[in-house]
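Asks: Both chains come to you apart, so use the hints to assemble them.
Chains as they are written, first to last, in the numbering used here: chain A, 24 to 83; chain B, 503 to 966.
Misleading hints may appear alongside valid ones.
What the hints assert, rightly or not - For lysine to aspartate or glutamate, the following EDC-like pairs were computed, each having C-alpha atoms within a straight-line distance of at most 20 Å: (1) B/666 with A/58; (2) B/666 with A/64; (3) B/666 with A/67.
It is worth saying that the hints were derived from the structure and are not from the lab.
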Amino acid sequence: MPATDYTYPSVYFAYLFFFLCFALAVYFCFRSRRDGYWGDEGEDAKFQVFQDDDPKRRTP
Amino acid sequence: MQPQFSKAEVTKVPEGALVHEDATAKWFLISSVAYFFIVGIIALIIAAKFVWPDLMGSMSWLTYGRLRPLHVNGMLFGWLLAADMGLAYYVIPRLCGVPLWSEKLGLATAALWNVIILGAVVTLMAGLNQGWEYAELPWYLDILVVVAWIMFGINVFMTVASRKHQAMYVTIWYTMGCILWTAFVYLTGNFATLFATGTNQANLNWMYVHNAVGLIFTPIGLGIAYYFIPRASNTPLHSHKLSMIGFWSLAFVYVWTGAHHMLHGPISQWLQTIAIAFSLMLLIPVWAVVYNLFATMKGQWHQLRESVPLKFLMSGVVFYLLTCFQGPMHSLRTVNAIVSKTDWIPGHAHMAVLGCFSFFAIAGTYFAMPKIMGKALHSQSLANWSYWMLMIGGLGFFTTLWLGGFWQGWQWNNVSIPFIDTVIALKPIWIVRFLSGIMMFTGIVFFAYNILATALGTHEEAAV
Numbered sequence: 024m025p026a027t028d029y030t031y032p033s034v035y036f037a038y039l040f041f042f043l044c045f046a047l048a049v050y051f052c053f054r055s056r057r058d059g060y061w062g063d064e065g066e067d068a069k070f071q072v073f074q075d076d077d078p079k080r081r082t083p
Numbered sequence: 503m504q505p506q507f508s509k510a511e512v513t514k515v516p517e518g519a520l521v522h523e524d525a526t527a528k529w530f531l532i533s534s535v536a537y538f539f540i541v542g543i544i545a546l547i548i549a550a551k552f553v554w555p556d557l558m559g560s561m562s563w564l565t566y567g568r569l570r571p572l573h574v575n576g577m578l579f580g581w582l583l584a585a586d587m588g589l590a591y592y593v594i595p596r597l598c599g600v601p602l603w604s605e606k607l608g609l610a611t612a613a614l615w616n617v618i619i620l621g622a623v624v625t626l627m628a629g630l631n632q633g634w635e636y637a638e639l640p641w642y643l644d645i646l647v648v649v650a651w652i653m654f655g656i657n658v659f660m661t662v663a664s665r666k667h668q669a670m671y672v673t674i675w676y677t678m679g680c681i682l683w684t685a686f687v688y689l690t691g692n693f694a695t696l697f698a699t700g701t702n703q704a705n706l707n708w709m710y711v712h713n714a715v716g717l718i719f720t721p722i723g724l725g726i727a728y729y730f731i732p733r734a735s736n737t738p739l740h741s742h743k744l745s746m747i748g749f750w751s752l753a754f755v756y757v758w759t760g761a762h763h764m765l766h767g768p769i770s771q772w773l774q775t776i777a778i779a780f781s782l783m784l785l786i787p788v789w790a791v792v793y794n795l796f797a798t799m800k801g802q803w804h805q806l807r808e809s810v811p812l813k814f815l816m817s818g819v820v821f822y823l824l825t826c827f828q829g830p831m832h833s834l835r836t837v838n839a840i841v842s843k844t845d846w847i848p849g850h851a852h853m854a855v856l857g858c859f860s861f862f863a864i865a866g867t868y869f870a871m872p873k874i875m876g877k878a879l880h881s882q883s884l885a886n887w888s889y890w891m892l893m894i895g896g897l898g899f900f901t902t903l904w905l906g907g908f909w910q911g912w913q914w915n916n917v918s919i920p921f922i923d924t925v926i927a928l929k930p931i932w933i934v935r936f937l938s939g940i941m942m943f944t945g946i947v948f949f950a951y952n953i954l955a956t957a958l959g960t961h962e963e964a965a966v
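One chain only, chain B, in its complex shape (with noise of 0.2 Å):
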């Protein structure tokens, strides 16, 4: 049980003492946390068009096309970078002992942010999409996230450059390695593929597909579970080192990996083969983290029972495990050619951005809004509660797709069952998908008002 502190004792800073204002960590999390409820809503509409796929009838802009790029774009960027970006900004001033360079730019970015995940909800459900995976957005939108991708990057590498400590701990190394990533696969993924045709093109956007995951999520992900991992536990990371060989691994290996996607189409056999290569080597950066991450808490494990943050990291730690085993084993020719397009994927894409990475940015918002705010959290039991219908929601749901792609990729590699069969058949699988989808969304619903009760509430309690 840590100390509790009296407001006055809170408020009153030491002489000296470095004071970080928290202003633009404190509206990227509170915007992410809005849209993942919005696009969480989202999100239910769409597993309902796969029980009922007359609801809402023909409306345009409710149907299944349109809703299926917001969800995408709403979780990934409105939420998750938009989540992870704050953390950043809460986190980088910390690890560098000094206050971060721009407030004030950081708060335009965070305005700028929301102009674009509010341009996308426009733009996508009028349906103007530039038709490419993760890549929907229009070319206007496209600039603004570079724009806003810049003054993200500056903010950070001048807060680095003007940090009190030489040594740089292992959460910087990702956060700088995503933004330099970043700036290289977006402007591939939304631009470079525009002005390419036909297999290239395809090889282009799934190579901008699988390293929006690897070299986006997964650094600024592992970067946030790094830091909050020994923050929450108070237990020192096992081994710095083993952290950088990890970083490293993960810097060379990666961007390759992209290709397996296209495993059986149009494209060179050689090219598949070092795809295929380089997605089994992900199994050296993968056991790196985990096992760092795993030895951390070596003794520490009780204290999962009392902390909320705790027990989402550490199940993200898990997810990620199975995440990086399910992708370079479903990257080899013969699974690939039972999993490949069907419900298996959209199991595992879950699990890799809502089970591994969604985790650590909840576990990450849980423990820095009270912190922010200089309140204590809205309702531990309410955050308990967030945990368990979530993981519960996304355990039933990653599992029952995977046990339904396989299904489904066992038929369709039949000849002899008519399409039309394979879908009537996976009802009773998208009806278990929709129920999981309730309890997760109400995972969402409890986690968002639980931080927005923290910060925009008038809790005066005394902060931890």
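With the rest of the complex left out, here is chain A (with noise of 0.2 Å):
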């Protein structure tokens, strides 16, 4: 193999981003659950779509 071939490291930096992705992936799904997305208020977030407060839109 030629001293200037990087595909091994290239590779592994690959892999080792694709593995902190994975890993924050997992902590965050299992954080998702302790902050209650999975909860009985789960879907309280849903009407955050319609309390953006914008003063251009309001009722008059």
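Replies: Spelled out as structure tokens, the structure:
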């Protein structure tokens, strides 16, 4: 293999990135459970769409 | 029919009310719409070159090899990602109940993004190209993209950190996911590939290409759909929990599908099988999203008659379902043996990027720009026309390329047919492709004119 071939470091660099991505996904998935997204109040967030307080669109 | 407000009522802000400046959103959207039009011209030239290969002679900077990457990068980064970023700048502060963390940083990001896109036009037409699908930009522009993305990420994350509501709506999840995933995906596709060789290099590139769609354009596009469908129909989302299932299943499944671009190629069979298995598992997040958005519209379908944004949004959802059914199916070895590398693939890719995610972005722009400017949309009629031109032209384009691709694949699998005969046989397909392209471009012109006239014109009619 030529001395300038960085194939393996590059592939492992990509694997490291995706492992970090996976680890963060696992952490935040469990964190979302702790934060109540799957509980009784898990549906409350969907009403935020209508709470944007935009003064340009207020009802007369 | 929504109530009309006079100009005085519109500009009079109640005391203590939150005011969104929206300057960043406005400039991202205006520039992205302008690039949509400009790069649409390039797309039309490319489609014409399929029918008349000698068109524009031998001028090097107007050859197919230079214009095609310009079309791909211009549409992906100049139009779609810029429009998505503009809509994120509009949506995130509203969902968080606070102003954008820094409009100055946002405007600097918009300026830098324009430098990148203009740089891409010059370099790609000059033939300065890294030679990798979706990663054609030279390394110095790649670095600027990374800088701009960090600026975008800081602004979004700081806005989310200062949010009024503890619980985050699914659009915020998707936007933050997109920012983090893009960092991983873009660095891998544009830097790690440069230092790899052979099959590993190709495999990394295809992992990037597929994740560019699946982990960049999909999450931010779905985030936009999840915001604008309830907002435009004035109907709450069917289920926030189901949207979370869609988000997390996307997060865990999507990243491993890229190798299906190398089926029957010189990579390990186990890697091909893993890519196929994960491609099939994509049906889980797709169905979670599609069911949720369709259930949201239950009893509200009549609104599509009056609302152009809803027309674009719900058509986009249908195209999302179709494209995400096609994807897993042509990841199967037997189907892939026919359609791989044929015209089927651009038909599929255009349905994803134009039919689905661009439709979401167009809908968001039609909804947001009048609010941002405090004006009514320049022309509802023109907006309707833009929808039908894009819809009919798009359908003609997609279906023609699927049929042509299958035909092409069957011919390629017959070794007794000379290759040049398969090229000649596809000419009728490419004529329909060009005619469909004219219709789609007309839709783009109507959309771009309507938005730019709303944003920059002197039309002072009261806002809706």
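Asks: Now look at each hint and say whether the structure bears it out.
Replies: These are the hints, each one checked on the structure:
no., hint, result
1, B/666 with A/58, "holds, 16 Å"
2, B/666 with A/64, "holds, 17 Å"
3, B/666 with A/67, "holds, 14 Å"
Every hint from the earlier list agrees with this structure, and none is contradicted.
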